[in-house]
Every structure is written in structure tokens, then in C-alpha cells.
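Enquirer: Since each chain sits alone in its own frame, please combine them into the complex, following the hints.
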Amino acid sequence: GQQVMQIPQYQHVQEGEDFTTYCNSSTTLSNIQWYKQRPGGHPVFLIQLVKSGEVKKQKRLTFQFGEAKKNSSLHITATQTTDVGTYFCAPRYTGRRALTFGSGTRLQVQP
Amino acid sequence: GAVVSQHPSWVICKSGTSVKIECRSLDFQATTMFWYRQFPKQSLMLMATSNEGSKATYEQGVEKDKFLINHASLTLSTLTVTSAHPEDSSFYICGYVRGRITNMLNTEAFFGQGTRLTVV
Chain U
1 GQQVMQIPQY QHVQEGEDFT TYCNSSTTLS NIQWYKQRPG GHPVFLIQLV KSGEVKKQKR
61 LTFQFGEAKK NSSLHITATQ TTDVGTYFCA PRYTGRRALT FGSGTRLQVQ P
Chain V
1001 GAVVSQHPSW VICKSGTSVK IECRSLDFQA TTMFWYRQFP KQSLMLMATS NEGSKATYEQ
1061 GVEKDKFLIN HASLTLSTLT VTSAHPEDSS FYICGYVRGR ITNMLNTEAF FGQGTRLTVV
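Protein chains in written order, with our numbering: chain U, 1 to 111; chain V, 1001 to 1120.
With the rest of the complex left out, here is chain V (with noise of 0.2 Å):
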């Protein structure tokens, strides 16, 4: 199956920094990426879908100017959390979808392994 790398893995940081979470795929190239977020026994909770070469489109309720996306290349996109705050420790997981979008086929999405963001 396809490879999604998620870095890092996990992170502390103090309030008031910021934390950036890197996503490639390493084996296919997306123009879709997608962002979620998951607190402990919860569902992923969609935060915004990457569009390479556009801006990113983010979900009602999440701060577009908090939770940075850049997505600048077919392999990578970016989750920049600025100015952490406790509340925003969570776990963050980018997937892709590996097919097209506007057909709805062939739709799988694959997923990073998360990142644990930890704000003290």
C-alpha cells in the first residue's frame, strides 16, 4: 500500500510556541491531503483539506490563522500549530486520498502514524 510519513512522531512544546508537523507521501503523489485531529477515545475530527498549490480549506470552528497548512508540493504538506496552547494538545494525523476526488472512486485514503502534541 501506499506510504504516508508523519514527522514527528510526538512533540512537547511550551504555551505560546509554535510546533510544525510535516506530512509526505512517499510513494504517490497527492493534490489532497487531508488533517484531523484526535482526542483520546474520540473520533478523527476533520480539520481542514490541503490542496496543493491552492489554499487550504478548513472545516467550521477550526482557526485557519492557528492551524497553518501549506501545502506546496505533491508529497508534502504542513500543519503549523501557532502559539500552542494546552488545550491544543491532541493527536494529529494527515492522510491522502489515492484516487481522485470528483469521481468518489477509488478513494482510499492512507494515513500518516500521528503526531502526540503535547503543550505544557
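Next comes chain U alone, as it looks inside the complex (with noise of 0.2 Å):
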């Protein structure tokens, strides 16, 4: 099936700056999640996010599901040099039950 498309697909950010990636699906969805893929690691799963307008926080990390659960975010505010990595979404549909995942958004902190 067709990826979903994250934006930006690279950012470059000085340190404490607030950081923001996009995840757009031209489907509903079931939930969504996200995931932070170090330079050479794995990913690691960060939050799921279920209902709809749903908004979630971990320490300086906010997500949140869209009203009409097509789309999500995840905001870092004040970034620090251990955000580094790629952020991938990946959106989970009804009835599917691959894991796939968006295009990810590369975040670079300049300290």
C-alpha cells in the first residue's frame, strides 16, 4: 500500500528550539503510533494514540490525533541533543495487521 507521507522529511534545529513533524493519511485510521529511530539503532515505540482529537504528553514530547483520525503530530519543545534521530508515525488501520510506517522526519540539533 501507498506510505504516509511525514513533513517535513528533514530538520535542522538549534538547540532549544521547539520541533514539529506532521503525519498525513488520506484514510481514517484505526490508532497511530510513533516511533524514534536513533542514527544506527532500532526503533523504540514512543506513544499510541487511540481516540480522535486525542493529545498526549511525554515531558517535552506533545502528540496528537486528529479529529477526523487521518492525520497526527509530535511537537519537542526546548529540542535537546538526545532528540536526535528519525521519527517515524505509523499508522495502524481497521482490519490490518501490518505495522507499516510513515516516511519519518530526520531531526539534527545543533548544540
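Hints are not guaranteed to be accurate.
Computed, partial: chain V to chain U, Cβ under 10 Å [what the hints assert, rightly or not]: (1) K1041; (2) M1045; (3) L1076; (4) T1107; (5) A1109; (6) F1111; (7) G1112; (8) Q1113.
Quick partial rundown of chain U residues pointing at chain V, CB under 7 Å, derived from the structure [claimed, not checked]: (9) P39; (10) P43; (11) F45; (12) T100; (13) S103; (14) G104.
Hint data in this document are derived by calculation from the structure and do not stem from the laboratory. Heads up, the beta-carbon is just placed ideally off N, CA and C, and yes, glycines get one too.
Expert: Here it is as C-alpha cells:
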């Protein structure tokens, strides 16, 4: 199937600046997950959003699920060098067992 | 969190040979495992879903005769790249979900460390 697009593809920020990545699907999702992959590493689960309009926070990270359950965002406040990596959304569709990933947003943080 | 052990972490092989990659779930019995391929600076592309005790489900465009997947037990799945070619050089990652896929909840996935395959 078609891969869900994330924007931007790449972002370079100064440490302390905010960062946001968006994940957009053309079809309604059952739920959505977010993962982080450090350079050379494997994906690590961050969060799962299930309900329409849901907002969840993890320290400096804020995750949102759109009202129509077609898009989602991840916002990082006051980035740190430890935030460097690629952030992937993983949209889940009703009736589909497979776990697929969005195109990803690579974040670089300048100290 | 759950632990997945993937072996080897890197391998170099000659064109035409086969390579087997193992993926073990160390603290959970996984009925479903996923295999992905990732090229540099790209996303993880799902190759197949491996089901314990039954045939794997391959994604469109993935050759099932070239990428042999075996999921013989609840803790071990293997991916064999047969007759490898340089274009098969990539980062291969396995993963499994902890919860039940059918109810779509608690389906956090855990991943192995990945295997970097280089075919020369």
C-alpha cells in the first residue's frame, strides 16, 4: 500500500528550538503510533493514540491525533541534542495486522 | 521493556550465497513478527508478516522465494536471503507486537537491533 507521508523530511534546529513533525493519511486510521530511531539504531516505541482529538504528553513531547483520525503530529519543546534521530509515525488500519511506517522526519539538533 | 535479539548484527557475503538472519523474542511469546528492510536515510519498508506455525504473509513486490521466512516457534523467526545480490544490501530489522493484533490495542512493537547485510 501507499506509504503515509510525513513532513518535513528533514529538519535542522538549534538546541532549545521547538520541532514539529506531521503525519498525514488519506484514509481514516484505527490508531497511530510514534517511534524514534536513533542513527544506527532500531525503532523505539514512543506512544500510541487511539481516540479522535487525543492529546498526550511525555515531558517535552506532545502528540496529537486529529479529529478525523487521518493525521497526527509530534511536537518537541526546547529540543536537546538527545532528541536527534528519525521520528516515524506508524498508522494502524482497521482489519490490517501489518505494522507499517510513515516516511519519517529526520531531526538534527545543533548544540 | 520486551527484548528482541537479532543475529547477526552485520554480515558480508558473496553474490549468489544465502544468508540467514535470526530474530528471537527473549521474554515474550510472539505469535506475529514483522520483517523490514531499510535503505540509508529511508523509512522501514515492511517485507512480510511472520505467523507462528503458518506461512508468512508477504507484502506486494517482495519475492517470497528469495526472502524465506520461517516462524517455527513462538520465540524464533528467521529470514533467509537466498542467492543474494548487491542490490539486497540493506539494513534488515525484525519486530514483534506485544499485544493482540486483533483488538488493535496494546500493540506496541519491539524491534531487534537490526542486521546490516552487505553483498559483494
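Enquirer: Would you mind marking each hint as holding or not holding in the structure?
Expert: Results of checking the hints against the structure:
1. Annotation: interface hint on V/K1041 holds; nearest CB of chain U at approximately 7 Å, less than 10 Å.
2. Interface restraint check for V/M1045: the shortest CB-CB distance to chain U comes to about 8 Å, inside 10 Å, so the restraint holds.
3. A least Cβ separation of about 18 Å between V/L1076 and chain U goes past the 10 Å threshold, and the interface hint is therefore violated.
4. For V/T1107, the interface hint holds, the least distance from its beta-carbon to any beta-carbon of chain U being 7 Å, beneath 10 Å.
5. For V/A1109, the interface hint holds, the least distance from its beta-carbon to any beta-carbon of chain U being 5 Å, beneath 10 Å.
6. The interface hint given for V/F1111 holds, since its Cβ lies 4 Å from the closest Cβ of chain U, which is under the 10 Å cut-off.
7. Given the 10 Å rule on beta carbons, the hint for V/G1112 holds: about 6 Å separates it from the nearest Cβ of chain U.
8. Annotation: interface hint on V/Q1113 holds; nearest CB of chain U at approximately 6 Å, less than 10 Å.
9. For U/P39, the interface hint is violated, the least distance from its beta-carbon to any beta-carbon of chain V being 10 Å, above 7 Å.
10. About 5 Å separates the beta-carbon of U/P43 from the nearest beta-carbon of chain V, less than 7 Å, and the hint is met.
11. Restraint check, U/F45 versus chain V: the minimum CB separation of about 5 Å is within 7 Å; hint holds.
12. Of the supplied interface hints, the one on U/T100 holds, with its beta-carbon coming within about 5 Å of a beta-carbon of chain V, less than 7 Å.
13. A cut of 7 Å between beta carbons decides the hint on U/S103: the least distance to chain V is about 5 Å, and the hint holds.
14. Look at U/G104: its Cβ gets to within about 5 Å of chain V, closer than 7 Å, so that hint holds up.
The earlier numbered hints that this structure contradicts are 3, 9.
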